[in-house]
Each structure stands twice: as C-alpha cells, then as structure tokens.
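There are 2 protein chains.
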Amino acid sequence: MARPSNRDKILAEGLKVVHERGFASASVREIAQAAQVPLGSFTNHFASKEAFGLEILDLYYEQSHALLAVTLLNEALPPLERIELYIDRTIAKLHDKEMRGGCLLGNFGAEVTDHCEAMRHRLIAIFEEIRQALIHALRAAVTAGDLPADFDCEDTAGFMFASLQGAILISKTLRNDIPMQRYKRQVFGRILH
Amino acid sequence: MARPSNRDKILAEGLKVVHERGFASASVREIAQAAQVPLGSFTNHFASKEAFGLEILDLYYEQSHALLAVTLLNEALPPLERIELYIDRTIAKLHDKEMRGGCLLGNFGAEVTDHCEAMRHRLIAIFEEIRQALIHALRAAVTAGDLPADFDCEDTAGFMFASLQGAILISKTLRNDIPMQRYKRQVFGRILH
Numbered sequence: 000m001a002r003p004s005n006r007d008k009i010l011a012e013g014l015k016v017v018h019e020r021g022f023a024s025a026s027v028r029e030i031a032q033a034a035q036v037p038l039g040s041f042t043n044h045f046a047s048k049e050a051f052g053l054e055i056l057d058l059y060y061e062q063s064h065a066l067l068a069v070t071l072l073n074e075a076l077p078p079l080e081r082i083e084l085y086i087d088r089t090i091a092k093l094h095d096k097e098m099r100g101g102c103l104l105g106n107f108g109a110e111v112t113d114h115c116e117a118m119r120h121r122l123i124a125i126f127e128e129i130r131q132a133l134i135h136a137l138r139a140a141v142t143a144g145d146l147p148a149d150f151d152c153e154d155t156a157g158f159m160f161a162s163l164q165g166a167i168l169i170s171k172t173l174r175n176d177i178p179m180q181r182y183k184r185q186v187f188g189r190i191l192h
Numbered sequence: 000m001a002r003p004s005n006r007d008k009i010l011a012e013g014l015k016v017v018h019e020r021g022f023a024s025a026s027v028r029e030i031a032q033a034a035q036v037p038l039g040s041f042t043n044h045f046a047s048k049e050a051f052g053l054e055i056l057d058l059y060y061e062q063s064h065a066l067l068a069v070t071l072l073n074e075a076l077p078p079l080e081r082i083e084l085y086i087d088r089t090i091a092k093l094h095d096k097e098m099r100g101g102c103l104l105g106n107f108g109a110e111v112t113d114h115c116e117a118m119r120h121r122l123i124a125i126f127e128e129i130r131q132a133l134i135h136a137l138r139a140a141v142t143a144g145d146l147p148a149d150f151d152c153e154d155t156a157g158f159m160f161a162s163l164q165g166a167i168l169i170s171k172t173l174r175n176d177i178p179m180q181r182y183k184r185q186v187f188g189r190i191l192h
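Protein chains in written order, with numbering that gives the first Met the number 0: chain G, 0 to 192; chain Y, 0 to 192.
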C-alpha cells in the first residue's frame with residue numbers, strides 16, 4: 000500500500016483539527032503540526048486556507064454520503080426504518096466524539112458562510128443532496144403506504160434536515176443527546192405520524 | 000444624556016463585529032477600531048476575550064429577551080398568535096441583516112461551546128429561558144383549548160426551539176428565508192395541529 004502523501008495527511012489530520020477547534024481558530028501551523036509535515040507543505044499543496052476548507056468539506060461529506068447510502072438510500076430496508084437508522088447513526092456518531100464537535104457541515108454553516116462564497120455554495124449543494132436523500136426515503140414511504148398519498152415529501156424533508164441540524168447544535172451545547180432523542184420522538188410521533 | 004463609556008462602545012460595536020465575522024475571526028484590534036477606542040482600552044475593561052464574549056452574549060440576549068416579552072410572553076395576545084408573531088419577528092430580524100449573520104446564540108453554540116465552559120454554561124441558561132417562554136405560550140394554548148389537554152408542551156417547546164435554530168442556520172447558508180417559511184408551515188400545519 001502506498002504511504003499517504005503529505006497532502007493526504009494534511010487533509011485527514013486537518014479535518015480533525017478543524018472539527019475540534021473551528022475553521023477560524025485552527026491555524027495552518029496547528030494543522031501542519033497535527034499532520035506532522037513542514038509548514039511549507041501546507042502552502043505547497045493548498046493555494047489558501049479557503050482552498051483547504053473546500054477540500055476538507057468534501058472529505059467530510061464523503062463520510063456523510065456513506066451514511067446516507069446505508070440508511071436513507073438503502074433500498075433493502077423499509078422506508079421509515081431507513082429514517083430511524085439515519086437518526087440513530089447520527090446520534091451514535093455524536094456519542095463517538097463525546098457529544099463534542101457537532102456536525103462539520105452545520106459548524107461551517109454558522110462560521111464560514113458569511114465570508115467565503117465558494118464554501119457557502121459547496122455547503123448549499125451538500126445540504127440539497129442530503130435533503131434529496133430524505134425526499135427519496137419519504138417518497139418510498141408514500142409508495143409503501145406508510146404515509147398518505149398527498150404527503151408533502153419536499154417540504155417535510157427540508158424541515159427534517161434543518162431541524163436535525165438544530166438538534167445537533169443544541170445537543171453539542173448541552174453535551175447530551177436529549178435534543179436528538181426529542182427530535183426522533185417528534186419526527187415519528189408527529190411529523191411522520 | 001451621558002456619553003457612552005469606552006466600555007459601552009466596545010460592547011456595542013464589538014457585538015456587531017462578532018456577529019458579522021464570528022467570535023474567533025473578530026480580532027481585539029478590529030473590535031477596538033470599530034469602537035474607535037485605543038487598543039489598550041479593551042484590555043483595561045476586559046480580562047480576556049472570553050470575558051468580553053460573555054458580556055456580548057448577555058447584551059445580545061437582552062434584545063432576544065425583549066422579543067420574547069412582546070411575543071411569547073405577551074398575555075395580551077392569544078397564545079398561538081404569540082408563537083406566530085415570534086416566528087415572524089425572527090424572520091424579519093434575519094431580513095434586516097439581509098439573511099446574513101444568523102442568530103448569535105446559535106453561532107456561539109457552533110463555534111465556542113467546545114472551547115469555553117463559561118460561555119457554554121451561559122448559552123445553556125439562555126436556551127433554557129427561551130424554551131421556558133415557548134412552554135409558557137404552549138401551556139396557555141392548552142388552557143385556551145387551542146391544543147389538546149394532554150399536549151406535551153415541554154418536549155414540543157424543546158423541539159421547536161432547536162428546530163428554529165436549525166432553520167436560521169440553513170437560511171443563513173442559503174441566504175433566503177425558505178427554511179424559515181417551511182418551519183412556520185410545519186409548526187402550524189403539523190406540530191401544533
């Protein structure tokens with residue numbers, strides 16, 4: 000197996016540093032140190048911190064997309080179970096980091112969208128992909144007869160996505176999963192009821 | 000009328016700078032420049048940037064609390080109208096800033112809670128006050144017969160608060176109010192239906 004390049008090390012370790020410290024707080028020096036590469040290596044590989052930010056966004060979304068594939072987009076599961084699994088896996092991921100860090104996508108939404116149009120547009124595209132995965136699962140639930148035929152899948156998916164981001168944000172602040180469990184109860188007790 | 004002190008100027012202008020640029024991005028130098036005070040004035044008045052952060056959090060919450068008083072806590076209005084007004088005023092505030100900036104409370108939730116326990120605890124207390132105002136309006140709606148007697152006001156208020164933060168976050172990213180309008184539709188069409 001090929002050794003990871005300095006570029007790959009900067010991306011993998013830099014993603015962790017930014018997720019823990021925030022994009023503005025994480026200095027290029029800290030990122031290079033975490034990746035165990037010389038500081039000059041960062042500037043060799045990335046034209047700017049923003050260029051690096053776009054790449055870690057894509058790297059993070061690769062993981063998020065893998066989660067969508069085994070949950071919301073997983074045709075082997077009944078539609079509503081896909082949604083439940085998506086929420087449960089999201090809660091488990093938060094616990095993996097001891098309820099710190101939250102969702103990098105939401106953090107970037109709060110922190111960088113007012114200052115970097117390229118990252119804002121990339122986030123918009125990612126948010127839309129996640130909403131489309133939710134729409135896909137909701138439409139399957141309509142087809143399966145689990146939701147009424149006139150159910151507004153588009154609107155509900157947008158609401159469910161935004162509300163999940165809100166639940167993650169408040170859970171991160173409280174450092175417990177009460178807002179996530181509440182989200183799950185309301186989604187299944189009321190929104191999809 | 001007394002002239003504002005340097006301390007007041009730093010807080011008022013610093014709040015604007017942090018809301019626009021983020022807490023980590025806003026340097027003490029920029030804050031002092033915006034307030035038109037010497038750099039040393041900041042360090043005279045605030046023991047640390049965190050101490051300043053706590054004070055602008057309180058200053059921002061004064062405005063948020065004033066909004067709660069005329070909406071959710073306003074006994075002169077029918078309960079569900081209070082909630083509608085709260086959402087509408089929140090949307091209007093986002094438009095005032097051309098859909099930029101979002102909510103400072105949510106931004107701090109994303110950006111500072113992993114790094115400053117004092118700010119995290121202050122945010123938790125503020126979040127709880129807002130949730131209590133929502134509970135108050137929902138309980139009044141139950142009393143008025145607008146919601147069923149067994150309606151879970153506590154759980155729903157927590158969900159509505161977190162989901163509103165999510166809607167603000169996504170609206171800020173999209174730079175339009177579609178997620179906010181969607182939030183309002185789902186709250187009145189499904190959650191409080």
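Since the hints were derived computationally from the structure, they do not count as laboratory data.
Please read all numbers here as calculations on a predicted model, not as lab measurements.
Worth double-checking, as some hints may not be accurate.
Incomplete in silico selection of chain G near chain Y, CB under 7 Å [unchecked claim]:
id: 1; residue: G21
id: 2; residue: A23
id: 3; residue: S24
id: 4; residue: L103
id: 5; residue: N106
id: 6; residue: G108
id: 7; residue: A109
id: 8; residue: T112
id: 9; residue: C115
id: 10; residue: H120
id: 11; residue: I125
id: 12; residue: A148
id: 13; residue: D149
id: 14; residue: A166
id: 15; residue: D176
id: 16; residue: Q180
Ideal placement from N, C-alpha and C gives every residue a C-beta, glycine not left out.
>> Would the hint on G/N106 be counted as holding, given a Cβ-Cβ threshold of 7 Å to chain Y?
In response: At 5 Å from the nearest chain Y Cβ, G/N106 passes the 7 Å test, so the hint holds.
>> Does G/L103 hold up as a contact with chain Y if the rule is Cβ-Cβ below 7 Å?
In response: Check failed: Cβ of G/L103 comes no nearer than 10 Å to chain Y, outside 7 Å.
> Can G/G21 be said to touch chain Y, with a Cβ gap under 7 Å?
Replying inline: holds, 5 Å
>> Can you verify the interface hint for G/A23: is its Cβ closer than 7 Å to any Cβ in chain Y?
In response: Check passed: Cβ of G/A23 comes within 4 Å of chain Y, closer than 7 Å.
> If you take the shortest Cβ to Cβ gap from G/C115 to chain Y, is it below 7 Å?
Replying inline: violated, 11 Å
>> The hint names G/A148 as touching chain Y; please verify it with the least Cβ-Cβ distance against 7 Å.
In response: With Cβ-Cβ at 17 Å, over 7 Å, it is violated.
>> Less than 7 Å between beta-carbons is the criterion; does G/A166 satisfy it with respect to chain Y?
In response: holds, 5 Å
> Given G/D176 as an interface hint, is the shortest Cβ-Cβ distance to chain Y below 7 Å?
Replying inline: Hint violated; G/D176 Cβ to chain Y Cβ min 12 Å, cut 7 Å.
> Should the interface hint for G/G108 be scored as holding, given a Cβ-Cβ cut-off of 7 Å against chain Y?
Replying inline: holds, 4 Å
>> Interface hint check: G/S24, Cβ to nearest Cβ on chain Y, cutoff 7 Å. Holds or violated?
In response: Hint on G/S24: holds, closest Cβ of chain Y at ~4 Å, below 7 Å.
>> Does G/T112 hold up as a contact with chain Y if the rule is Cβ-Cβ below 7 Å?
In response: holds, 5 Å
> Can we keep the G/H120 interface hint, with Cβ of chain Y closer than 7 Å?
Replying inline: Where the cut-off is 7 Å and the nearest Cβ of chain Y is about 10 Å from G/H120, the hint is violated.
In summary, the structure is inconsistent with hints 4, 9, 10, 11, 12, 13, 15 and 16 from the numbered list given earlier, while agreeing with the others.
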